[in-house]
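Novice: Each chain sits in its own coordinate frame; assemble them with the hints.
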Amino acid sequence: MHELLLFASVPSHQHHELLQQLAGLTAMQPRHRLERRLIFKAYRKPGLVNARGGTSREMQGADLVRLNKMLNGGMYYTQVVGPISGADFGSKPSSSGDLDATMSGTDETAGSSYDYDSQPWKLEFRDIPEAGTRSTITARLTASATLPKGDIVTPMSAWGYSFVTEYVVEGDAFIHNDIVIFLHRVLQYPVHGHEPHEPHEPHEPRRQMPSFRDLSPLERTGSYILQAAITVQDGSNQELMRTASQHLFGLREQLKTAVRLEHADRLSLDTRAK
Amino acid sequence: MTDHFSLPLRPVIEKRDSSDSLPGDIAQINAQWGSFRELNEVSLREKIEAEKDKDPWAEEDEGDKEAAELDSSERMDLLYKRRAEIIQFALQAHMETSFALDFVSLLLSKHNPRQAETSMSPFLKTAAPLGSLNSEIVNPPPRSDASLKDVKSVSRGWRLQNFNNAASKLLNAGSRLETEVVAETKYWDEVLAVKEKGWKICRLPREGQALGVQYGFLEATPIFRDRGLAALRRADDGRLVLDKGLIPRKAQGVRVRVKHKGHIAGCSKVYRPSQDAESIESRILQARDTLFEEELFHELIREARILGSQGVTTRQNLVQVPVCDEQEILLDLVDWDQDHAPEETASSERNVLADAIAHSIRILLTYAHRQNLHRRTQLPPPLAPKRRPVPEYQILRPIMAYLQHKSHIQWLESLLSDLRRVLESAGITCDFHATHFSSIGTLQPSNLIPKVEALARVFLAPFESTFSGTLATPQSSFRVRIRTNPAVPPFGTFYEIFVHLPQFPDVQPPSHIGLQDEVAAVITHFAMLDIASTISLHNPPNAQGVPGKTGRLSWEVAYPHHGELLAVDSTGQSKKMKVNLSREELTIHTYFSSRSETFTRPIVSRSSTLRIQTWRPDLKEPGPSLVEFVAQASQP
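Quick mapping for you: the protein sequence lines, in order, are chains F and U.
No gaps in the numbering here: position 212 of the first sequence is 212 in the UniProt record's numbering, and each next residue is one more.
No gaps in the numbering here: position 146 of the second sequence is 146 in the UniProt record's numbering, and each next residue is one more.
Okay, chain U solo, but in the shape it has when bound (with noise of 0.2 Å):
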């Protein structure tokens, strides 16, 4: 019975004192009634009527019943016994396990000093250092021959098949690396030719390893600049391929077209890839020259649009610009391969001025580099928030500054030929004198800046050229100045106009003239001018040097304006000479007229003595001089 006893080791439950507390209630109800639904008045009853039915001692009677019969004192001793038994056997295993586990410890701390250590007891560690124990197999039994055999021939075949590897890896190699060597000698060979030729090699800014070629312009728009480097990559065979990223890989040029009357009459000339197109270096000079071609057009739009107040219009991938009423001038983007052969023209002049053109712009632009890195060059601004605006390059407005002004020089030329053709038929002698773009003669190469950009600065300048000329008057002498500006306002040409008649010292013309009309007729009438008062000086000579023929009438000027001149003869009847002039021909009427009649009538009918003389340079027969004109319109 005494094996059965059994030791409460549980600890005993604490009878809760507060036993009001409510929610302990609420929950031991909840526990063992399920509900208080089920918790009623009259089953809580029922349960206590119960419970008093019940023999509340039953159970444990039987129980107690049996220990009864021990002696209580017995039951002491052999319970303090039990306990010590117990306690006993507890300490022993524990002193066991430490002892296995210092033991162990001690073997690991030999191989794992850090991790055996957290287990050992401190007495160990005291006593024994660290890794003082340590362990070997000591006789193992010996193994049979069989087995023996087996390892060996084992682990003969394991290195026989590992030596085969080892060559057959070895020999790989070598014959990769020879292939490699032939590569890399073929690619740096042609790296080198890359180099000699000229080109910049360096490494790749973002990429280190690999080298690349700089063929761009240092001076142009950073997004075109930084575009200017190409990856120099190896193929597998060692060829050098040219890695240009995202540019396309068609060589693409500004072309430029002349358009005369509503039609293409002139084209730049096509560049046409040379004939190894596949070298490398003719493939690196494609790139170079897409890259300034579309530099060049993407500089030409962007000019373009500011100049769209003078008649410059820009299409997706097309600038117009309008030279005089029946040219024009297209400029676009094209690829050199396609064909442009059908719009090419019979026309070389045109085609001739196409291609100076294109030639043209392609130096402003390079001109336009230069002035960047003159820029870049200069002490630096403080930094402000406000960033320098980068200004538009000048390409297409000293073209069309030239194109205009050269226009204007033309149609002033012919003015002035026709004007003297006019007067030569009349018998008047009269030249002029043109310098044209006397502006570019003028401007001096300093010192200060090198030859090519100071030539390509004279372009940048205005246009000036002059016409002088000399008048049928002695010492009256005239000169016209024309300008044009190209950069800054007023743009446009300009002309001005001197004009020295001793006769009219008074009279000049407007300082600035815009139009072409206003000169001609500016021009003209001065000349008109000047035509009447030849005819006022030619008189008293006459007069006077022909003694017999004193009764010749003297002209005067009257209305010098209007180009009219008057004589009164002895009798007192006046007479009346008109000058007309225009650029085709010169007309001369004289008539009689009366003092009083102030203003002039075509009176026709009126007189007989009435002259007209027409002189014109296309006449056949020619009529007689002016001087002889006059002479006869002087016979009183």
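Same shape as in the complex, but just chain F (with noise of 0.2 Å):
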């Protein structure tokens, strides 16, 4: 599959009113999403992994092998993705809101709802974007894939990936006949100012997940992302990639007077693994 995107910063303090006019423009009110990202980067030599061992994927055949070569073919960081809910986060009654009280409320004492094995993933690769041949827009070629849920340390790293970190991805999407709209920021999780000697902790995802309002945008002031995308089933089908483009250029020109959609530096959506 290929996707085409575009992209635009908007400032916070427009946010709630670019959200009201994609509601407008797209007639639907936003779907609320929070995701969380885990970062793997592939470590073992190529031909070593073996990609075959033990997944409940539903895929075809030649996704299999297209994944394989994916796989096998470079290095490069993959992104595992599971969906969360509001509810999830902070569950733990904790009456210290210190920081230090929710590292070490990882213990199972702590009553939260957020389950950890029951937790759905989705391993979703992304290419560098294409060179050169749509400068004004960003085009790569991407796969998913279902994973086993709970841990996914485990088959991840008999693949061949080593876990890097974390975040939490929150914001609103908006379907756009086969464009869609996703205003979202990224989270980081809270630092623990106590232990400099750490800065990010774990070589494990989290099992349990803090409150959202100790939560802090990775981009200080609190500004989100516009992405527009589109994906084609097949890249190699010049007709539909222009038609695709044809459409985000499209949803460019209407979106002209509130936000300036562009293409993204190329080398700042490098996914591989130097």
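One or more hints might be untrue.
Said to hold, decoys possible - Below 30 Å or equal to it, Euclidean Cα-Cα: the simulated BS3-like pairs (lysine-lysine) are: (1) U/Lys195 <-> F/Lys256; (2) F/Lys256 <-> U/Lys451; (3) F/Lys122 <-> U/Lys386; (4) U/Lys386 <-> U/Lys269; (5) U/Lys451 <-> U/Lys200.
In short, the hints are calculated from the structure, not lab data.
Specialist: Below, the structure is given as structure tokens:
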């Protein structure tokens, strides 16, 4: 699959207004989305990876071949995405709102409703955007696959991926014909200030979600990213790719007075592991 | 004579040395002689002769004679002098014209520097800056008083006239603005009134200056969705005019008629436009309703086309849906203001049915709209060359399924109650219990979808009704499940029959039965089996319970599926009993039969002890009950 993208930066004071404008444009209410995103990095030499190991993926054979090729062909960072709900956050009745307590609350007595073991996951692979061909639009190869629920590090490390870090994406999605408009921002987990020697402590994903208020936006100003994406089944079909980019350009025209949708810097979306 | 001296200013034509060029010669000949036809040797010779005769210098001799008078040196001098004079004149003329040109150019350069610059001499350009020379009238000659007076009065007249014009224009503009303001106020008041009623007012997409009101349905098929927008135009007096474009003015709607046994028996209610039909609100409403009805009919036709296999037929403006043998539903799009009174009949029951169907199709279309919204807001699949086809809405299918299901339930209910009455007349107690549309009760609305949608969704799922009942034999029971599937194959109604007969544990009917006749046959057959086993069960307690009558026969079920029982008395003579059950009656024959004679014959004449008993629900005098009859038949 191919993905065509346009991005825009939305300052936080414009966020509410833009939500309303998008709701009017797409004639639908925003669909709030919260996602945990774990970043994995391929670490083994190509060839050692066996992607066929006991997965419960429901995939076509061609997809499997393609994924295999992706997994073995080069070293990439991949994302594992798990949808969560707002109730999953901070359901722990910790009396002290202290961050230290949040961390110590990882034991099972906290009574959290968030169940890490039944967390569904999806693997999302994104290639580095294509160079040059469409300079006004970001196009990249994508693939995604459903992963087993629960503990994801074990299967991922079996496929040669090591856990790097994780963050939360919060935003609202709109559907405009074939275009998915996602107005979102990246939230970081609270940094535990008491242990400066442990900047990002865990080498595995959290089993517990901190309170939503404790998450801090990656962008300090609180601005949002507007991402307009359209996926194309077959990226080699020029006709379809053209249609898709025309749809995106049409959206850009429609949103011209509100935001400026632009393609992203190619190297900033580089997913290759050096 | 010198005055007439002429100088050859024209260049001397050089004699071409390439004399032998043929094209040149041909051209010369053509010019000189006209045509080659006139050029022949004779004429040439004649000409040469003539030239010879003539003195070649005769003409020039005279000029030469005069010129010869001058001395050759003087002549040269004169020539040079004249030439010098000519050159001087020419130079002077040139200089004066260029001065004039420079002067005019410099003068013009004040007002038109770019153009004037091109005609200026380079010297002047460097010497004088552009536009440094101007001209104006100095000390004009004084005009006469009369002319001054004339000018004054003319200008005053002009001014007055212009003032008058300006004033009247301003006044006109003022009054026009006033009427405009009144009209605009009226227009905007009406627009606001429309907006306050809750209609969506927006700018027309193609015509940015005009306002529009949106009354269409966002989730409708695109052609109908795009028609749901009308411009709100202002008439000259400020009235609001609803400009619907090409939409027909007439209010239309889908009419449902029920045809029973070949004639129209019921018709849905006709919508009458409200009294204030001229108000803008009612016109918007009417436009919306008409749009909705047109879309409804469009979708009905679209769905009816795929239902051809189920007997639905379409005409240009008519959809015919068969319900059962005698009933048919007609759907058509009609103008509301037409008079439909003649077709209305007194059958209120069918009118109610038609009304119910009319309401259902509208509810189902709005449900389909909701489903469209639901589909539209899902994550889209990747763009592929093949577009997703828009499935036909389920409008007719649920209604057909419901009516079909209902008619099947009624049929089964009447069959079972007929059977029960037959059995009751024979003193056999049995009972059945029907759960109509049990599927509707079981579907619980979930929290994920709104209640209204959950309610409508129930009618799109397969319908299911169950009938359960007990039979005469203890512990035996039966259960019939009727399923009607509107959307996915296999279409139509199917019966599933489960029978629990302790005497015949391995007897089960086929799992899917589609035909009513077969169902009737199966159910009566099982009832008959049950009666046969009841008879066989009744005997032993009778025989043992009454010790004085030990000689009683004991019936055994011999051929259950033929309803035959056998009893052998002490003398070795066998007695046979045959049970016949149908929807109308229960008949039991008993007769003697020899053991060797396995197949039964109605041997009426052979025995006087033959008994026939028939039970019918409509018989006036109640006969003996089955138990009594069996008891009698069991007498040896």
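Novice: Does each hint fit the structure? Answer for all of them.
Specialist: Hints versus structure:
no., hint, in the structure
1, U/Lys195 <-> F/Lys256, "28 Å, holds"
2, F/Lys256 <-> U/Lys451, "39 Å, violated"
3, F/Lys122 <-> U/Lys386, "26 Å, holds"
4, U/Lys386 <-> U/Lys269, "43 Å, violated"
5, U/Lys451 <-> U/Lys200, "26 Å, holds"
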